[in-house]
Amino acid sequence: MKTTIQELDGNMVAFLEGSLDTSVVPETEKAMSPLYDCDKDIIIDCTDMNYISSGGLRIFLGILKKAQGKGKHVYIKGISDDVRAVFAMTGFTHLFEFK
Amino acid sequence: MGNKVTLDAHGEALMQQYRELKPTLEQLAKDAFALLSDALKEQGIYVTAMEYRVKKEHSLEGKIELKGAKYKSIDDITDLVGLRVITFYTDEVDKVAAIAQRIFDIDWQESVDKRRLHELDAFGYNSLHYICRMKEGGPRFELQMRTALQHVWSTIEHDTGYKGDVKIPREYLRQFSRLAGMLELIDNEFSRLRLVLTDYQRQIQALVKNGQLKDVPLSPDSFRNYLDLHPFDRLNKRIAAVNQAEIYPVSMMPYLPVLESFGIETLEDVQHFIDENSEDAFQLAVSQLAVTNLDILSSAKALEYLCLVYVLNHDGGRKGLKFIYDTINGESDTNNILADMILEQARTLSFMNNN
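Here the protein sequences come in this chain order: A and B.
Its first residue numbered 77, the first sequence is counted upward by one per residue in our numbering.
Its first residue numbered 5, the second sequence is counted upward by one per residue in our numbering.
Since the hints were made in silico from the structure, they are not lab data.
Note that the Cβ used here is the ideal one computed from N, Cα and C, for glycine as well.
Wrong hints could be hidden among the right ones.
[What the hints assert, rightly or not] Computed, partial: chain A to chain B, Cβ under 7 angstroms:
| no. | residue |
| --- | --- |
| 1 | Ser130 |
| 2 | Asp157 |
| 3 | Met165 |
| 4 | Thr169 |
| 5 | His170 |
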C-alpha cells in the first residue's frame, strides 16, 4: 500500500495505491495524518486502490469528521465498483462527495 | 453629488472636533458591534441583519448646517456612531433591547421608543432607538432596533423623502398611513404564527414522547423527535451482530423523503412500516453482510434495508431501488449498479419468492 500526500490547486490530495486491508491500516493512517489537521478541502484519489477494509473506512470517516468540523469538504475520486460496494454495504456513501 | 455646505465658525469647530475623534469613533463602532453580536449569539437570538457605521463627514456637515447651534460640542451629537439590529419578529426587538440594557449604559433622557410615540391615527411605523455608551465610558452612540418590516417602512419612507419641503397632500399621507398599519398587522401576525407553531411543535414532542404516534403527522420535526425514541436500534443491533460490527452514528433525516414517497403519513405508519418489514430487512442484511468481514456499519443501515425491502415487496424493482439511492446519495448512474447489486442479492431470499 502506497500513500502520497500532495497539495494541488489549493486542495490536499491523497493518492492511495494498492489494497487498504487491515494489515496496512496503521501505516496508512499515519501517512494520511496531515489530512486531519489541514485547513483545506481534501481529495482522496482512489483510482489505484483496489480494496478497502473496515479499518480503511474508519480512516476516511475520521478525516471526514475533522474536515466537516472546519467546514471543509472531502471528495473521493476514481473509486472502483468493488470499493463503491463496500461504501454502500456499510451505509456511508451519502456521507462523502464522489468525483 | 451633494450641495456645497456653508458652516459658521462654530460649525467648523464641531467638524474639527469630529475629525480628531474619528479614529476613536471607528474603534468604538467595531467594539460595540462585536460586543452586541457576541451577546445576541450567546442568548441564541438570530437576527436578519446587523450593521454599524460611523457618520460620514458630508452627512455630519449637513446636519451641523441645519442644527449646529443646538450642539455645544461634538459630544452632544449622539449618532456619530450608529448600530442597527434588524430582527425577524416584533418581540425580538424587546429582547435585543434587554440585552443592550445589560451590556451598555443607556442614556434614557435621549432614547426613544418611536413605536410608542404614535397616536391612534398616527402615521409611520418606526423603531426603538437607544442612545448608549460603553460601560467603560467613551462617546455615546445610537442603537436602532427594528423588525425587517419596520426596516422596509423606514427605508421606503427615507427614499420617498416625504418629510421634505413639499407639503404632501392629505390623500397621499393617508395611503402611507394605511400601508404602515398593514405592515404592523403583518408583523404581529408573523409573531402570533410563530407562537402557534412553537406550541404545535411542543404538542408533537409530547405526543411522540407518550407514544401517541397515530396523531402525529410525519414531518421533519416529528421524525426528528421520533428518532430520539431510537426506533431502529433493535434492527440495527441485530444486523450489526452478524459481523460483530460497530454502529457508527449518522443522520437518518435524508430518508424522510423516501418514507414520504411510500405514502407514509404518520409516525404510526412508520412504526407499522418497521414492524412489517424488519424480518425481510434482516434477511437481506444477512445475505449481503455475512459473506464479508465488514465490522463497521452506519446507524442508518437498518432504515436503508427496510426501505429496500419495502420497494422489493411492492414491485418497485430496479427503478424503485435506484430512487432510494438517488434520494440518499444524490442522483447518479452508479446508483444503478447499487440497485442491481441489491436485486441480485435479494433474488434467492424467501420473501422475494413468496410474492
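Hints and how they fare:
no., hint, result
1, Ser130, "5 angstroms, holds"
2, Asp157, "6 angstroms, holds"
3, Met165, "6 angstroms, holds"
4, Thr169, "5 angstroms, holds"
5, His170, "5 angstroms, holds"
Checked against the numbered hints above, the structure breaks none of them.
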